[in-house]
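Enquirer: Given the coordinates of chain A, work out where chain B should sit on it, guided by the hints.
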Amino acid sequence: MSTILETATRILVDKFDASAEDVFPDAVLEDLLSDSLDWVEFAVAVGDEVGTRIRDEELTDVRTVADFVAVVEEKVGALK
Amino acid sequence: MSGPEVVVTGLGLITPAGIGVEENWNRLCSGEATAKTDPALAALDVTFSCRVPDFDVAQLLGKTARRLDRFTQFALIAARQAVTDARLNVDQCDQTRVAVVMGCAVGGQPTLEHQHRRLLEQEPAAVSPLMFPMFLANMAAAQISMDLGVTGPNFVVNTACAAGATAIGQALELLRSGACDIAIAGGCEAAITPLTITAFAQMRALSRRNDDPSGASRPFDADRGGFVMSEGAAVLVLERRSDALARQAPLRASVLGFGATADAHHVTNPHPEGLGAEGAVRVALHEGGISPEQIDHINAHGTGTKLNDLAEGSMLRRVFPHGPSVTGSKGVTGHLLGAAGAVEAAITVLTIQNGSVPPTANLRQRDSQIQLDVVARAPRKQKVNLALSTSFGFGGQNAALVLGAA
Numbered sequence: 134m135s136t137i138l139e140t141a142t143r144i145l146v147d148k149f150d151a152s153a154e155d156v157f158p159d160a161v162l163e164d165l166l167s168d169s170l171d172w173v174e175f176a177v178a179v180g181d182e183v184g185t186r187i188r189d190e191e192l193t194d195v196r197t198v199a200d201f202v203a204v205v206e207e208k209v210g211a212l213k
Numbered sequence: 000m001s002g003p004e005v006v007v008t009g010l011g012l013i014t015p016a017g018i019g020v021e022e023n024w025n026r027l028c029s030g031e032a033t034a035k036t037d038p039a040l041a042a043l044d045v046t047f048s049c050r051v052p053d054f055d056v057a058q059l060l061g062k063t064a065r066r067l068d069r070f071t072q073f074a075l076i077a078a079r080q081a082v083t084d085a086r087l088n089v090d091q092c093d094q095t096r097v098a099v100v101m102g103c104a105v106g107g108q109p110t111l112e113h114q115h116r117r118l119l120e121q122e123p124a125a126v127s128p129l130m131f132p133m134f135l136a137n138m139a140a141a142q143i144s145m146d147l148g149v150t151g152p153n154f155v156v157n158t159a160c161a162a163g164a165t166a167i168g169q170a171l172e173l174l175r176s177g178a179c180d181i182a183i184a185g186g187c188e189a190a191i192t193p194l195t196i197t198a199f200a201q202m203r204a205l206s207r208r209n210d211d212p213s214g215a216s217r218p219f220d221a222d223r224g225g226f227v228m229s230e231g232a233a234v235l236v237l238e239r240r241s242d243a244l245a246r247q248a249p250l251r252a253s254v255l256g257f258g259a260t261a262d263a264h265h266v267t268n269p270h271p272e273g274l275g276a277e278g279a280v281r282v283a284l285h286e287g288g289i290s291p292e293q294i295d296h297i298n299a300h301g302t303g304t305k306l307n308d309l310a311e312g313s314m315l316r317r318v319f320p321h322g323p324s325v326t327g328s329k330g331v332t333g334h335l336l337g338a339a340g341a342v343e344a345a346i347t348v349l350t351i352q353n354g355s356v357p358p359t360a361n362l363r364q365r366d367s368q369i370q371l372d373v374v375a376r377a378p379r380k381q382k383v384n385l386a387l388s389t390s391f392g393f394g395g396q397n398a399a400l401v402l403g404a405a
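Taken in sequence, the protein lines are chains A and B.
Sequence positions in the first sequence follow our numbering and run 134 to 213.
Sequence positions in the second sequence follow our numbering and run 0 to 405.
Simulated from the structure, these hints should not be mistaken for lab results.
Beta carbons are placed, not taken as given, at the ideal position from N, Cα and C, and that holds for glycine.
There's no promise every hint is true.
[Claimed, not checked] A short list of chain A residues far from chain B (calculated; beta carbon distances all over 10 Å):
#1 M134
#2 I137
#3 V146
#4 S152
#5 A153
#6 A160
#7 S169
#8 L170
#9 G180
#10 I187
#11 T193
#12 D194
#13 R196
#14 E207
[As the list claims (entries may be wrong)] Distance windows between CB atoms, simulated:
#15 B:K62 / A:R186: 45 to 51 Å
#16 A:E182 / B:S176: 51 to 57 Å
#17 A:T193 / B:E22: 35 to 41 Å
#18 A:D147 / B:M202: 37 to 43 Å
#19 B:E120 / A:S152: 31 to 37 Å
#20 B:P123 / A:A153: 30 to 36 Å
Looking at chain A on its own, in the form it has when it is part of the complex (with noise of 0.2 Å):
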């Protein structure tokens, strides 16, 4: 099973055209995504993979590729 990490970078990847080595966790996200709009689909697709939701205000903290990985293994590790 991929893990989060994984998922959001393969997301990246195929879906926003991000470069692969472009990808790491420490990557700034708003490098990766063309504007805001893509910031929440970003989420969105991965909330679907992996089975929870994110909400907005989850990601206001939110910086790079860990930033991100950090609040949904939160959730989901809530939601076990």
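Expert: Frame of chain A; chain B shown alone:
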């Protein structure tokens, strides 16, 4: 004629009859209908439609495709084709003087239904933030402006199934008034969903010939029973003749007149004698300085519904008693709603250029109440100098275009 002469210098077409002008023209001349059983409509009262053939959207549009509903994808594909066909290098134009006017009746219905389902079945955070940028009908023109980098007047008109013709008419006015130097104009639609099919079927507007889809769209035929839903886009590049000649652009046809009226009669039914439609036709002729007997050919709205074809047939017979040739393209293409008027204007341009009238598919026995010379079975060789294209929308909104040899 009011104002400077306007010509068509480029065409783009993506319809169930094909992708590109040549594929469309060949299929229209073959008279072979495009309607087929549609797996997405299984279990509904109407189980068939006319779909654009499968294509690789990423190959045609690249990364931008992801953020576009299907109707806007069609608009962009047709616009790029038309600009290439017109040998127009947008980078060398004054981009502030290039207008985009598109017609669309419905817009991003598939996106709306998909996201609504997610809201109902899941929760608010499951709804895409791209819903509105994909769904809004005005995005057809907006996305073309972004794709081509043109910043002149930019809007989408909605006169239901007349929208594509209305858009070309508005583009003509922009060029004549001097509001732009080049107009990219047409129509687009991609609204075949279980909900729209069901709603049109409930109105008794659709053919229910589920066991014979290819025989379902039959304009002016005695055995017609409604229209067949279709999708696609057509885009024309329009310029003042003097500008087109100055840049040595290819001249496909001229746009001579446009007329627009309302029936003020009923939400869906046309006026039984086609009075509103007649008004649009007469205004278009007057604007072009053309008398009715000069018209050689008519590309009729011809939806294949009982009421439209009777009203239109009666009106055309009254205005054009000399009996110009008539064709109903929807027999092949189905009904592209807001794109139909633009597709049929493009087909009329090709009819003029090729000196050949495509046949009306499925016309086996003309309705005896419709006294028109409707071309059937095979293309008819005919020199066409002046032609009319008619388009009528729900709500009684009518549009007519007069086109001529370049």
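Enquirer: Now, for every hint given, state plainly whether the structure supports it.
Expert: Hint by hint, here is what the structure shows:
no., hint, verdict
1, M134, "22 Å, holds"
2, I137, "17 Å, holds"
3, V146, "13 Å, holds"
4, S152, "13 Å, holds"
5, A153, "16 Å, holds"
6, A160, "19 Å, holds"
7, S169, "8 Å, violated"
8, L170, "5 Å, violated"
9, G180, "7 Å, violated"
10, I187, "7 Å, violated"
11, T193, "14 Å, holds"
12, D194, "17 Å, holds"
13, R196, "19 Å, holds"
14, E207, "16 Å, holds"
15, B:K62 / A:R186: 45 to 51 Å, "27 Å, violated"
16, A:E182 / B:S176: 51 to 57 Å, "53 Å, holds"
17, A:T193 / B:E22: 35 to 41 Å, "51 Å, violated"
18, A:D147 / B:M202: 37 to 43 Å, "41 Å, holds"
19, B:E120 / A:S152: 31 to 37 Å, "34 Å, holds"
20, B:P123 / A:A153: 30 to 36 Å, "32 Å, holds"
Comparing the model with each earlier hint shows violations of hints 7, 8, 9, 10, 15, 17; every other hint is respected.
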